[in-house]
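Turn these sequences into a full structure, and let the hints guide you.
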Amino acid sequence: MSKQKEVSTQDNIFIKGARTHNLKNVDVEFPRNKLIVVTGVSGSGKSSLTIDTLFAEGQRRYAESLSAYARQFMSRMAKPDIDYIKGLSPAIAIEQKVATRTPRSTVGSMTEIYDYMRLLYARAGKTYSPISGNEVKKDEVSDVVDVIKKLAERDKVYVLAAFKQYRNRAIRDELNVLQQKGFSRIYFGGKKETANIEDMLEWSDEELGKQIRANDGEVYILVDRFVVKPFEEDDLHRISDSINTAFYEGEGQMLVSVNDEKLLAFSNRFEADGIQFEEPTPDLFSWNNPYGACPVCEGFGHVLGIDKNLVIPDKRLSVYEGAVAAWKGEKMSWWKEQFVKNAHKFSFPIHKPVAQLTKEEMATLWNGNQHAYGINAFFEDVQSHLYKIQYRVMLSRYRGRTECPECNGYRLRREALFVKIGDKHIAELSDLPVKDVKQWFDNLTLTGHQFEIAERILVEIQQRLQTLLDVGLGYLTLNRLANSLSGGESQRIQLTRSLGSNLTNSLYILDEPSIGLHSRDTERLIKVLKDLRDLDNTVIVVEHDEQMMRDADYIIDMGPLASHLGGKVIAAGNYKELIANEKSLTGKYLKGELKIAPPKTVRKWHERIVIKGARQNNLKNVDVEIPLNVLCVISGVSGSGKTTLVKQVLYPALMKMKQGTTEKVGDHDSLEGDIEEISTVEMVDQNPIGKSSRSNPVTYIKAYDEIRNIFSKQHLSKVRGFQAKHFSFNVDGGRCDACKGEGEQIVEMQFLADVHLTCEVCNGKKFKEEVLDVAYKGKNIYEVLEMSVDESIAFFKDENNLVKSLQTLHDVGLGYIKLGQASNTLSGGEAQRVKLASFLGKGKTKDKVLFIFDEPTTGLHFHDIKKLLDAFSALIEQGHSIIVIEHNIDVIKSADWVIELGPEAGEGGGELVFAGVPKDLKKSKKSRTAKFL
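Sequential numbering from 1 applies to the sequence shown in our numbering.
Hints are computed from structural coordinates only; laboratory data are not their basis.
Careful, some of the hints might be misleading.
Said to hold, decoys possible - Subject to a maximum C-alpha distance of 27 Å in a straight line, what follows is the list of computed DSS-like cross-link-like pairs (lysine-lysine): (1) Lys308 - Lys600; (2) Lys79 - Lys149; (3) Lys718 - Lys797; (4) Lys604 - Lys359; (5) Lys818 - Lys647; (6) Lys620 - Lys438; (7) Lys647 - Lys664; (8) Lys658 - Lys315; (9) Lys530 - Lys576; (10) Lys435 - Lys647; (11) Lys797 - Lys867; (12) Lys604 - Lys866; (13) Lys713 - Lys846; (14) Lys568 - Lys600; (15) Lys336 - Lys359; (16) Lys438 - Lys530; (17) Lys818 - Lys79; (18) Lys893 - Lys923; (19) Lys867 - Lys844; (20) Lys336 - Lys420; (21) Lys336 - Lys315; (22) Lys931 - Lys530; (23) Lys777 - Lys702; (24) Lys138 - Lys150; (25) Lys591 - Lys658; (26) Lys345 - Lys308; (27) Lys604 - Lys922; (28) Lys388 - Lys308; (29) Lys620 - Lys923; (30) Lys656 - Lys612; (31) Lys328 - Lys664; (32) Lys926 - Lys612; (33) Lys591 - Lys919; (34) Lys345 - Lys359; (35) Lys331 - Lys388; (36) Lys804 - Lys725; (37) Lys647 - Lys846; (38) Lys842 - Lys866; (39) Lys568 - Lys591; (40) Lys620 - Lys352.
Written out as structure tokens, the structure is:
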């Protein structure tokens, strides 16, 4: 471990009297330049202390340093509820937010690597003609001067521009104009002679036409003439002016005649082989800019067209066996027959499975040739008959999102792909995995001039590529879409963007960076964080990972429990001090006093779903058997293909079968097994359950309806004519009219933080006075919504249906949240558990659901994982099936069946490494998880 400076306490960051959210007037000290872990049960106040207090204050102080004008365009920051913070550094937070879902965002754009690459290609790239393959160059005045300077002394030089006759102008008029411009001679290239314009004006029109025709195409304006000698400064100025004039008169082209023998042509137009090329600018390489985006697909890389996967759904079949689905049926089989009959003329293997055809053979099948029609000709024929309904129906069957034919999925306009550095254009580079891109840049050699321009840009690119490798993402390609990444991958990409800039003396706050990381990759992440600390930064990590805590310099344990029962610092110190602390719940789990015991027996299974031949992204044609009515965990190192298998193949394929959705299904051969055993599929992810401040967990699990009914049945409600709707703050009637049921009024302060004022009319209680008069067991509707779930279960003990609904929130470990807590204040893990509770609340139904959970232990303390596993068991008891994508060792131990993909990430992954019960996993030699069990 690297040496560290001991830091005196007055240098440390000190928070006095923090009261944000559920914090109970906390005083806490963060040692500077250390790796600090803040832990505690879910909802104990970790994020409130780090993100909502420390980071918010750091951001606010930065914002206050800007001008009032600039601040009105920033997201405005309220001052956290604290007495003061001492010793705060500039703060950077990497939060646990679900990354962008736009179809334009990619790994390259999120890490900013692509932005630097655009700049590199615009400044140091060379344009090559697609016809001749030669470099396209633009001649500057200085290039022509350099050529002239290299000529032999006493050489006779003419600077020329082509003589052009414009429409509607006679030759005589043209000569008159030239004379007015100050030119005095014309040069006839054929005869190697000059003629005076003044003399030529005295010729007859016939003579003029004859002379021009005789020298067809070789008539020039003589701009200047001189003899080569050691030029003085003034001579060079004069020559440069003449060259400039010649370029202007020749509309970008000029010539230099040497001794009437050699004609050297120059052009300051960016063109070659009859093509006018675009000059590279950073925007030319951006698919988010109309200038650079492919005009056909508008920068998406996909268009609506004939989907090759629908035309040839089963690639195991040969053309002879009917692989082309569109060539079936009485009428359409003629197309197959003509292709098969003539295949011998061009040696096409009609008995070879389509999956094994070469690129050239595949192109022949689609495009056809002089001997046989291909699939494209078939669809052209269909297009010509679209006035018939059956042809329209047929075409719609094979339409889908397909690669753009103009840019081949590269997303950029053609001109951008003519620009290369080394041997690659920018889109080819983006197609490579990051580790190969890094190697390509390492081996890149640039000319002196190119290197001077690119040196600074290359440093930035190399740093970011190295960080991507350090956090274990070397297998991703730069053009991989952001919305196809797993939660852990997108968080580590945000990490790359912040770490790539290598700041010092800063405060980094990371919210659970180990999400989605296999235990092996967590080791790498810890190394990156320690390197960051060694640059004299203070690194604060909100984390539950045991490895991370063992390696931390300092641990702060929040608690003792969650929400209103939490918000205090229970223990602070290093790992040994935490274990020794009797009050620390985390300490008890770390020393093994409390633990999550695996189940005594694993459940046996009979029904299953089988995915055959999955080959999306990096999956290597795998067959995977997924058991039903049990807890099935899918594990493997980050990037091994788990998200691809479950979210891109299994889920969309089942949704298509069960609900007829049109979402694109990843490449696979078939989905078989006991599919009729499940009635529907539910993806339970960490997307928020509601964005407005009015939506809350109780409305989500449908328990609020029951509460409103109870209040509407009270005697006073009947007297006043109140119905259930009067107890809702979402509709007019019972809610306060002044604040519309928000409980506060927001005053916009332009460049200061918005001021949230408690509503004067209802005093923050959200309802009208007369509605608040109605009480149940002495409490009105506002007081009930202020209770925690656990308090309300005891309070409503006589109302069986309501208690049943609320009990599900308690069962998933959310007993601490208030009934009326706004959904937008829940963390990703909490939102996921509210969704889980809503399914648990439905009780035993005839419907058997397959639940897919993506990393449900996000944000969960050991103590909460125990509750989560109990909730999973309850769902399975109700007859449902669960698939969990997870790295957490406790969850893997508690599974009934484990499937591990791998063994490595990216290219080195995508294989089935293990499938079986957890106790057999320990014995697997290939497994990367075994050693952590």
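Against the structure, the hints:
1. At most 27 Å may separate the alpha-carbon atoms for a hinted pair to count; Lys308 and Lys600 exceed this at roughly 50 Å.
2. Distance hint between Lys79 and Lys149 is unfulfilled; the C-alpha atoms sit about 69 Å from each other, more than 27 Å.
3. The hinted pair formed by Lys718 and Lys797 meets the criterion: a straight-line CA distance of about 23 Å does not exceed 27 Å.
4. About 46 Å separates the Cα atoms of Lys604 and Lys359, which puts this hinted pair outside 27 Å; it is violated.
5. Using a Cα cut-off of 27 Å, the hinted pair Lys818 and Lys647 is violated, with the two alpha carbons roughly 33 Å apart.
6. Between Lys620 and Lys438 the alpha-carbon distance is near 25 Å, which keeps this suggested pair within the 27 Å criterion.
7. Between Lys647 and Lys664 the CA atoms are separated by roughly 11 Å; this keeps the pair inside 27 Å, and the hint holds.
8. Using a Cα cut-off of 27 Å, the hinted pair Lys658 and Lys315 holds, with the two alpha carbons roughly 24 Å apart.
9. Restraint check: the Cα-Cα separation between Lys530 and Lys576 comes to about 19 Å, which is no more than 27 Å; the hinted pair holds.
10. As the CA atoms of Lys435 and Lys647 are separated by approximately 25 Å, the hinted pair is consistent with the 27 Å bound.
11. Of the supplied pair hints, the one linking Lys797 and Lys867 holds, its CA atoms being roughly 22 Å apart against a limit of 27 Å.
12. About 22 Å separates the Cα atoms of Lys604 and Lys866, which keeps this hinted pair within 27 Å; it holds.
13. For the proposed pair Lys713 and Lys846, the alpha carbon gap of about 32 Å is over 27 Å, so the pair is violated.
14. Proximity of Lys568 to Lys600 is assessed by CA-CA distance (about 36 Å); at most 27 Å being required, the pair is judged violated.
15. Proposed proximity of Lys336 and Lys359 is supported: the alpha carbons are some 20 Å apart, at most 27 Å.
16. Pair hint Lys438 plus Lys530 holds up; C-alpha atoms about 23 Å apart against a cutoff of 27 Å.
17. A C-alpha spacing of about 24 Å is found between Lys818 and Lys79, which places the hinted pair at or below 27 Å, so the restraint holds.
18. Distance restraint check for Lys893 and Lys923: the Cα-Cα separation of roughly 14 Å lies within the 27 Å cut-off, and the hinted pair is therefore satisfied.
19. In summary, the hint linking Lys867 to Lys844 is supported, as the alpha carbons are separated by about 20 Å, within the 27 Å threshold.
20. Distance check on the hinted pair: Lys336 and Lys420 sit about 42 Å apart at the alpha-carbon level, beyond 27 Å; violated.
21. Restraint check for Lys336 and Lys315: the C-alpha separation of about 16 Å stays at or below 27 Å, so the hint holds.
22. Pair hint Lys931 plus Lys530 holds up; C-alpha atoms about 24 Å apart against a cutoff of 27 Å.
23. For the given pair, Lys777 sits about 22 Å from Lys702 by alpha-carbon distance, which is consistent with the 27 Å threshold.
24. Annotation: proposed proximity of Lys138 to Lys150 holds, straight-line Cα distance about 19 Å (limit 27 Å).
25. Distance hint between Lys591 and Lys658 is unfulfilled; the C-alpha atoms sit about 47 Å from each other, more than 27 Å.
26. Proximity of Lys345 to Lys308 is assessed by CA-CA distance (about 25 Å); at most 27 Å being required, the pair is judged to hold.
27. Taken as a hint, the Lys604 and Lys922 pair is honoured in the structure, with Cα atoms around 20 Å apart against an allowance of 27 Å.
28. Among the hinted pairs, Lys388 with Lys308 is consistent with the structure: their alpha-carbon atoms are about 23 Å apart, no more than 27 Å.
29. With a C-alpha separation of about 24 Å, the suggested pair Lys620 and Lys923 falls inside the 27 Å cut-off, and the hint holds.
30. Simply put, Lys656 and Lys612 have alpha-carbon atoms about 16 Å apart, close enough for the 27 Å limit, and the pair holds.
31. Restraint check for Lys328 and Lys664: satisfied, since their Cα atoms lie roughly 24 Å apart, inside the 27 Å limit.
32. Note on Lys926 and Lys612: the hinted pairing holds, with a Cα-Cα distance of about 22 Å set against a maximum of 27 Å.
33. With a CA separation close to 23 Å, the supplied pair Lys591 and Lys919 stays within the 27 Å bound.
34. A threshold of 27 Å between alpha carbons decides the hint, and for Lys345 with Lys359 the separation of about 19 Å falls inside it, so the pair holds.
35. For a cut-off of 27 Å, the pair hint linking Lys331 to Lys388 stands: about 14 Å separates their Cα positions.
36. Using a Cα cut-off of 27 Å, the hinted pair Lys804 and Lys725 holds, with the two alpha carbons roughly 22 Å apart.
37. Note on Lys647 and Lys846: the hinted pairing holds, with a Cα-Cα distance of about 26 Å set against a maximum of 27 Å.
38. Taken as a hint, the Lys842 and Lys866 pair is honoured in the structure, with Cα atoms around 22 Å apart against an allowance of 27 Å.
39. With a CA separation close to 22 Å, the supplied pair Lys568 and Lys591 stays within the 27 Å bound.
40. Restraint check for Lys620 and Lys352: the C-alpha separation of about 20 Å stays at or below 27 Å, so the hint holds.
In this structure, the earlier hints numbered 1, 2, 4, 5, 13, 14, 20 and 25 are contradicted, and the remaining ones agree with it.
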